[in-house]
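Asks: In case you want the letters, here they are:
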Amino acid sequence: MIRREEIMAAALARLILDPTAPPARHIAVGAASPIPAAACWLVRVLGHDVRLSLLHKHHGNPFTEGTRELFDLAGQGRIDLFFLGGGQIDGSANINLIGTGDWPGTAARFPGSFGSAFMYLMTPRTILFREEHSPRVLVPRVDIISAPGVSPPGVFRRGTAQGLVTSRAVFRFGTSPPPLAGGGRGEGAAQGRDTPANPTVGGRFTLESVHPGETAEAIRAATGFDYDAPQVVPTTPPPTQDQLAALRGPVREQMLETYPEFCRRVWAATEHAA
Amino acid sequence: MRQVSLDALAASVPDGALVALPPDNSTPPHALVHALIRSGKRGLRLFGVPVSGYATDLLIGAGCVAELQSSSVTLGEAGGAPRFLAALAAGRIVMTDATCPAIHTMLQAAEKGVPFMPLRGIIGSDILAHRPDWRVIDNPFAQGPDPIVLLPALSPDIALFHGVMADPDGNVYVGRRRELATMAHAARQSLVTVERFIETNLLEDERLAPGTIAATYIEAVAIAEHGAWPSALLDEYPADPAHLSDYAQLARTEDGFRAYLDRHVFHSRAKAAE
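Top to bottom, those sequences are chains A and B.
So the first sequence is residues 998 to 1271, counted in the numbering used here.
So the second sequence is residues 40 to 313, counted in the numbering used here.
For reference, chain B alone in the conformation it holds in the complex (with noise of 0.2 Å):
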């Protein structure tokens, strides 16, 4: 594990990466999203785990993507992603449609290192009809017919996720959230932002090692406090539901997507620079 700079952190995501992103109710890595967005991303394939909000819609309205796997892309009660809709009706982006279990599933097959893993349902479901890759078999311990889908494993090359905090070690911990560990299990690095680093070891305390990701996955970290927001973080910090609400408002245009950029993405970089 490297501790680097938030900035250099997204330097290293590379354009056209697969990249895996957690949905805005499980610490989603907004602070290092909006240094995406900043240091000028191209061609990102996003894969939302297993759904997609706030970061995906700005991603997608500055240009950064060119593809999205998900099931699902909401700003939730403050409605629909109006920069995701914008972009798909104007051909901007590719979108694959997916389930939510068969997101899990099809990274629970990368986390063991199997090329494909059977998922119940979605059979009739015009999903499957537009996914050639996912493939309908009969189940070979069944007594009679008994068709199920087959998931191929998914690897995304980089998973990005904030977590409460990490220690020396570069162990990171974030509660009950388990999927961000299978996310992070699946794909081939993590990068992830952090409140806050602390000196004592997580795996050495039995009650937060349940909720800790251990540094074998993790390749860099950097402090982003706050950087979940306008997300909420776990017990650390309540979502900002107004600022989502002002977002929505905004992102319905293009120069208002672009006034929020300025205000509220490419402005922390002139603070930062302070």
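Bound conformation, chain A alone (with noise of 0.2 Å):
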């Protein structure tokens, strides 16, 4: 049986792998993200030449200046993609880490806002996450913006996001094309790092895939933001043999550390099939 942790981490992957979108040589993956953390060591057990930052994870940390180098790598360009999540999320890519209700999450209150208000505006490419696929979550508008989708031109942004994977279904986020020539996808990250480019305006989400078990009219019903959606929605293709050789042993593997009550809860069969 493939698990819908494994058809996300597949589905992750394949974003990375775009090839119409910039280049991720050097991928950043926040604390806690074990379905994010899968789906990069997923595109480097596979044969892709990335480079890995994973924080938290105790041995392999790459960083020798502190947490606050990931910043000061990320503001020079040289992060070419991170994840990021919200407790809620709406149609202009906003995310909120902060509460609903009024300043500061009177009604409820999340964690806050990590690094996520500096990581959307400084990366060429990030791919938003969250398992919760309802109404509650993906919002018309959010109550409060931790980090904006979008920007106004003039302000200086390398990218926006991706898309939107969750539990249900996979998103694309399109924007208007860039107003820079030469900022155009794929160059951003490669060229000058003070080029102040803003390729986000008019950013709205399209429904790309839905997950195995998924209809389209479900997801609409479950999603709380107007998207665009094709006449024919495909669905999200489930992993290969291949990934699903590679999940279940040598990401697996390198997973344990960071993840073990992930990879007991997610592969713990596998494990005693094996």
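Incorrect hints may have been included.
Partial pick of chain B residues on the chain A-facing surface, computed with a CB cut under 10 Å [what the hints assert, rightly or not]:
#, residue
1, P62
2, E116
3, F123
4, A128
5, R131
6, T135
7, A137
8, P140
9, T144
10, I166
11, P179
12, G183
13, H224
14, Q228
Below, in silico cross-link-like pairs of lysine to any residue (SDA-like), each with a Cα-Cα straight-line distance of 25 Å or less [unchecked claim]:
#, chain 1, residue 1, chain 2, residue 2
15, B, K151, B, L242
16, B, K151, B, D196
17, B, K151, B, A254
18, B, K151, B, A126
19, B, K151, A, D1069
20, B, K151, B, P171
21, B, K151, A, D1099
22, B, K151, A, S1131
23, B, K151, B, P269
24, B, K151, A, E1066
25, B, K151, B, I197
26, B, K151, A, A1028
27, B, K151, B, A253
28, B, K151, A, T1061
29, B, K151, A, E1062
30, B, K151, B, R84
31, B, K151, B, A271
32, B, K151, B, S284
33, B, K151, B, Y212
34, B, K151, B, V175
35, B, K151, B, P186
36, B, K151, B, G119
37, B, K151, A, G1072
38, B, K151, B, W173
Honestly, the hints are just simulated from the structure, not real lab data.
This structure is a prediction, so every number in the text was calculated from the model and none was measured.
All C-beta atoms in this analysis are idealised placements derived from N, C-alpha and C, irrespective of residue type, glycine included.
Mind docking these for me? Both chains are given alone in their own frames, and the hints should help you get the complex.
Replies: Structure follows, in structure tokens:
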């Protein structure tokens, strides 16, 4: 049986390897993100040359200047891809990690913004990831903006959300063409780090696929924000045999130290079967 | 540098002080925090560098805290920080939200002795709208309009952290967690606990010197064996996730939290007095 976590990891890996997106040479993954971490290891294990900086990993932590070094790297444009989630995510790809109700989260308080207010604007590509797919999480408009999905022209910004992966579907986030010639997709990170491009104007989600067992109608009902969708919505391709073997073997091996509970929950049966 | 007892170190923190604390995964001074609670501190203004966890939740629950500035407050895998959430909902603490790189930058400005430093990103986040102390100017070096955030230098009254070892001169080894060095450089004084004292000078060893914070910045040091527990201390000992999870469970109620304090915080005074 293919686990939902494995479908999500494969969907994230597909977004990471999207040839039309800016290159992902250096990917950073924040704390408490087992499925994005699994997707990154999957990409690596299947032979793609990416540098992974996994925060909170005891061994293989690449930073010698403390946690601030991640932000310094991102500030320079040396982190190509980052993952963000949100207690609320809206149709403009704004994320809310602070809380619902009035400031600072009078109805329900979330943990806080972490580095999102910086990383979202500094990273050429962000993949939004949230397992819960419900009108409570995917809202028309976030109550509080931790980090904006789009910025007005003139605000320095390298990129925005590439897409959103949930436990039920995959969305793409599309934006108007970048205003600067030469600052187009695939070039932003490699070019001058001080080019104040802002490729985010006019962002909107499009439903790309629904996971096996889901329908386009059910996703529409479970999504609080408006989005575009094709006439016929494809099903998210399940992981291939190679991907499954990688996830259950070397990927799991890499994840055990940082996410023992996750590995037990998702892959315990595999371990016994093996 | 003075070598003092753990309780004397705690006693030297004045009520109302602006106190910088590292996060749970970065050599947190948990034995010292327990001692602060035993000494009945009031009105502390905590500064999470750059995020907050167990220590902050404990101090808030014990009534030691008036204000908190941080980029997030969470117990990580153990879930939300229950005493923080309760105090915020009841209006017992004033919360100032930040974002991780802004915290580092404010300390870096203080470390350099300059009044402010710029940081990219943040524009469009509601954090900025609730920070009258953060300003937006036009980058004076840009050709056209280029808004950028300025952050004021921030010097904590006191930085508290736990190191692995101290030498006879008061130099303290913290390994690669260099954000602790920035915190110590920026603070008016640092009060430090260590696992042990060593006989030789850390700065005379080329392998240890880069992970050492010089005695220049350190006011006093106390021995606290297992002083980061229930968090990990570098490669000295691992975290105790079962304990943190028990704490998260107990601290859901005021009574449970009091029982936790009796068992794990006040109990250790009885042990020390034996």
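Asks: Run every hint past the structure and note whether it holds.
Replies: Hints versus structure:
1. P62: This interface hint holds because 8 Å falls under the 10 Å limit.
2. E116: Holds, about 7 Å.
3. F123: It holds, given that the least Cβ distance between F123 (chain B) and chain A is near 8 Å, below 10 Å.
4. A128: holds (7 Å)
5. R131: Interface hint status for R131 (chain B): violated (13 Å vs cutoff 10 Å).
6. T135: Status holds, d = 8 Å.
7. A137: Result: holds, 8 Å to nearest chain A Cβ.
8. P140: OK, holds: P140 (chain B) within 10 Å of chain A, min 4 Å.
9. T144: Status holds, d = 8 Å.
10. I166: holds (6 Å)
11. P179: violated (14 Å)
12. G183: Holds: closest Cβ of chain A sits about 7 Å from G183 (chain B), inside 10 Å.
13. H224: violated (12 Å)
14. Q228: violated (20 Å)
15. B:K151 x B:L242: holds (22 Å)
16. B:K151 x B:D196: Given that 25 Å is the threshold and the Cα spacing comes to 16 Å, the pair holds.
17. B:K151 x B:A254: holds (18 Å)
18. B:K151 x B:A126: Violated: K151 (chain B) and A126 (chain B) sit about 35 Å apart, past 25 Å.
19. B:K151 x A:D1069: holds (17 Å)
20. B:K151 x B:P171: holds (23 Å)
21. B:K151 x A:D1099: Violated, because 37 Å separates the two Cα atoms, which is more than 25 Å.
22. B:K151 x A:S1131: Violated - the C-alpha atoms of S1131 (chain A) and K151 (chain B) are around 47 Å apart, more than 25 Å.
23. B:K151 x B:P269: violated (34 Å)
24. B:K151 x A:E1066: holds (17 Å)
25. B:K151 x B:I197: holds (17 Å)
26. B:K151 x A:A1028: At roughly 30 Å apart (the allowed maximum being 25 Å), A1028 (chain A) and K151 (chain B) break the hint.
27. B:K151 x B:A253: holds (16 Å)
28. B:K151 x A:T1061: holds (20 Å)
29. B:K151 x A:E1062: holds (16 Å)
30. B:K151 x B:R84: With a Cα-Cα distance of about 23 Å, the restraint between K151 (chain B) and R84 (chain B) holds, given a limit of 25 Å.
31. B:K151 x B:A271: The given pair, whose Cα atoms are some 31 Å apart, is violated under the 25 Å limit.
32. B:K151 x B:S284: With a Cα-Cα distance of about 40 Å, the restraint between K151 (chain B) and S284 (chain B) is violated, given a limit of 25 Å.
33. B:K151 x B:Y212: holds (22 Å)
34. B:K151 x B:V175: Status holds; Cα separation ~21 Å.
35. B:K151 x B:P186: Given pair K151 (chain B), P186 (chain B) holds - Cα atoms ~23 Å apart, limit 25 Å.
36. B:K151 x B:G119: violated (35 Å)
37. B:K151 x A:G1072: holds (19 Å)
38. B:K151 x B:W173: Holds, at about 18 Å.
Violation of the numbered hints given earlier is confined to hints 5, 11, 13, 14, 18, 21, 22, 23, 26, 31, 32 and 36; the remaining hints are satisfied by the structure.
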